[in-house]
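Chains as they are written, first to last, in our numbering: chain A, 1 to 195; chain B, 1 to 436.
Since the hints were made in silico from the structure, they are not lab data. Treat the numbers as computed from the prediction; the structure is a model and nothing was measured. Hints should not be assumed to be uniformly reliable.
To be verified - Capping the alpha-carbon separation at 27 Å, the derived lysine-lysine pairs in DSSO-like fashion look like this:
1) Lys88/A to Lys324/B
2) Lys387/B to Lys22/A
3) Lys332/B to Lys88/A
4) Lys429/B to Lys88/A
5) Lys23/A to Lys168/A
Unchecked claim - Label pairs and their calculated CB-CB ranges:
6) Ser306/B to Asp182/A: 14 to 24 Å
7) Asp84/A to Thr155/B: 31 to 41 Å
8) Thr67/A to Lys42/B: 32 to 42 Å
Unchecked claim - So these bits of chain A aren't anywhere near chain B, every CB distance computed over 12 Å:
9) Glu51
10) Phe59
11) Ser74
12) Gly86
13) Val113
14) Glu148
15) Trp176
16) Tyr181
We put the beta carbon where it would ideally sit given N, CA and C, even for glycine.
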Amino acid sequence: MAKKKFVVGCFDDEAVLFPAVKKVRTAGYKIHDVYTPFAVHGLDHALGMRETSLHTAGFIYGITGTTTALSCISWVFTKDWPLDIGGKPHFALPAWIPIIFELTVLFAAVGMVLTFCYICQLAPFVKKHHFHERATDDLFVMVIECTEKTNTADLEAFLSNAGAVEVKTEIAEDGWWLGRYDKDEMPFQTNTVLA
Amino acid sequence: MLSWSKHDVKNKRAFDKPRLTKKKIFTMASIRERFEIPGKMKTWSLALIGIGLVAFIIGLVTKGMSKDEHERAIFLGTLMYNTIYWTLVCNAAMFFICATTMAWGGWQISFRRVTEAISTMVPIFGSITFVVLIYVVFIGKNHDIYHWLSEEAKTDPILKGKLGFLNPTFFFIWTTLAIGLWALLGWRIRKLSNEADEAAMNGVSGAAFIKQNTVRAATFLVWFGLTVGSTVPWLWMMSIDAHWYSTMYSWYNFASTFVAGMSLIALWVVYLKNKGYLEYTNQEHLHDIGKFMFAFSIFWTYLWFSQYMLIWYSNQPEETIYFKHRVQGPYKGIFFLNLIINFICPILILMKRAAKRNYTLITFMAVLIIFGHWIDYYQQVMGSISKDHVTLGWFDFGILSLFVGLMIFFVSKSLASKPLIPKYHPFLKESIVHHT
């Protein structure tokens with residue numbers, strides 16, 4: 001957790017955003033993130049992000065569920081408490097398949113949701129800085145991380161040239177902190193005096 | 001702006017290219033409109049048909065005209081499961097068109113002509129099926145296949161109850177209607193698609209086309225549900241075990257042929273891509289076809305298991321009789337091979353995203369799945385006709401080669417007969433920019 005300097009550029013068109021991302025990356029700036037109101041197809045590739053490993057994790061959770069269910073049921077029904085059910089063999093695999101399947105799904109689903117929340121740092125009472133309120137409404141907000149050498153004025157001009165409708169420089173918290181969003185003052189509650 | 005050159009389409013990361021903007025128009029460097037049948041393909045298909053015909057004639061002499069009724073039943077049974085399988089697989093292509101149309105899907109338009117070409121096989125394979133089935137019921141009167149044809153059926157309390165459904169008259173009417181309407185309703189959909197090639201559409205005529213297309217697709221689907229989704233597999237295949245019944249049976253067969261149908265579509269798409277056709281179709285589309293192959297393999301397994309598990313669990317003799325010789329008898333190997341090819345292989349191999357986008361892997365899996373479900377049909381039909389020994393041999397593969405040859409011959413002909421891309425289809429653009 002540290003305060004860092006960011007340059008924020010807001011775009012109002014997907015078709016402008018993509019070339020801008022490319023220009024910014026070619027120019028050598030480090031994009032912190034792009035906040036969009038909806039999932040934009042191909043943006044992750046344009047940003048050069050690596051493929052997520054969430055599905056691999058999901059597979060491992062699923063396999064864990066399968067083995068848990070299979071070993072548990074087979075131990076109970078063959079070793080711990082063998083019961084004669086309708087004359088079926090104690091190791092009655094077909095009857096267990098539905099439960100094994102359910103546990104596979106349960107482990108994979110719960111595991112993936114928790115992993116996803118962990119990766120994205122999502123949890124109750126975890127707060128992160130919002131660079132622009134309209135990122136949840138109608139603006140694509142590109143955030144560039146500055147180094148000591150970054151000339152913010154130059155970068156702002158660069159973003160404007162690339163088609164940003166709004167640019168600003170901000171010093172903001174990089175990580176997360178504990179807090180509650182519902183205690184925040186909402187943008188629409190701010191009383192601005194119009195001249 | 002995207003200029004859709006051949007290079008872009010082949011480029012594995014086409015989405016890294018500049019994005020589409022509203023200001024610019026699509027320009028296509030060059031589309032190869034028509035498929036030209038390569039000489040090699042024609043030779044191969046004719047060779048396969050030739051092998052098949054030789055096998056058919058030898059089979060006809062040695063088995064079909066044998067004095068032993070059981071041998072004759074094996075001959076007819078082999079013809080039956082092959083024709084039924086290939087008819088339903090090709091019909092699944094029409095089901096795919098209709099289902100995606102009803103879902104207002106746009107992604108499949110770039111290769112829609114391929115699915116249409118496969119569905120033109122329905123009248124051809126359908127008439128072969130019709131001839132074989134009518135022969136079995138009316139001329140061969142083969143009780144080893146359809147036990148309900150025999151005189152005993154009139155006194156057997158269980159079969160007596162089924163006589164309203166299982167009788168030659170109903171069999172004839174329903175078989176004629178089923179095959180005839182699949183062919184007719186499918187033809188109407190293809191006809192509309194062909195007519196759409198004549199002139200560019202505006203908003204009004206485009207909407208009228210979509211509406212007309214949706215109505216025709218819906219009509220086909222209703223009939224498809226009444227036949228493939230329920231009655232036809234009961235009538236043609238389940239009635240071989242006249243005493244036995246399973247409510248899962250038709251859905252099981254639908255899943256079986258649909259996943260094989262998707263694999264067949266994948267094979268043709270990959271083939272045409274390799275030959276440099278279908279410029280608008282790329283990995284994104286292949287990925288979605290692969291998803292269908294993956295998902296419906298699992299769906300098939302779900303039905304396979306549901307049918308098996310309920311019967312295993314309740315353990316009623318009149319129900320377990322179907323599985324007795326399949327799980328514990330001579331069909332044991334084929335029965336579990338079926339599960340390995342059609343479940344274990346697809347779930348493990350097609351699970352990864354990269355696998356579904358890989359042309360080689362999709363080709364391999366498509367061939368495996370088509371073969372796997374052919375084996376599935378084999379054990380469903382022949383497992384009931386020849387209970388005490390497995391008949392899989394040269395004759396089965398000969399007839400398979402006949403059908404594969406016919407399929408390649410006629411589908412390639414049909415592909416060559418009209419433009420490969422429905423260029424005026426209102427949803428074509430959606431298919432071009434499709435991103436999975």
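Hint check results:
1. Lys88/A to Lys324/B: 15 Å, holds
2. Lys387/B to Lys22/A: 67 Å, violated
3. Lys332/B to Lys88/A: With Cα atoms ~20 Å apart, Lys332/B and Lys88/A stay inside 27 Å; holds.
4. Lys429/B to Lys88/A: 58 Å, violated
5. Lys23/A to Lys168/A: The hint holds at about 18 Å.
6. Ser306/B to Asp182/A: 14 to 24 Å: Violated: the Cβ-Cβ distance is about 47 Å, outside 14 to 24 Å.
7. Asp84/A to Thr155/B: 31 to 41 Å: 40 Å, holds
8. Thr67/A to Lys42/B: 32 to 42 Å: 53 Å, violated
9. Glu51: With a cut-off of 12 Å, Glu51/A comes too close to chain B, as the shortest Cβ separation is near 8 Å.
10. Phe59: Phe59/A not clear of chain B: closest Cβ-Cβ about 7 Å, inside 12 Å.
11. Ser74: Its Cβ never comes within 12 Å of chain B, the nearest being 17 Å, so this holds.
12. Gly86: Given a closest Cβ separation of 7 Å, the condition is violated.
13. Val113: 20 Å, holds
14. Glu148: 32 Å, holds
15. Trp176: Its Cβ never comes within 12 Å of chain B, the nearest being 30 Å, so this holds.
16. Tyr181: 33 Å, holds
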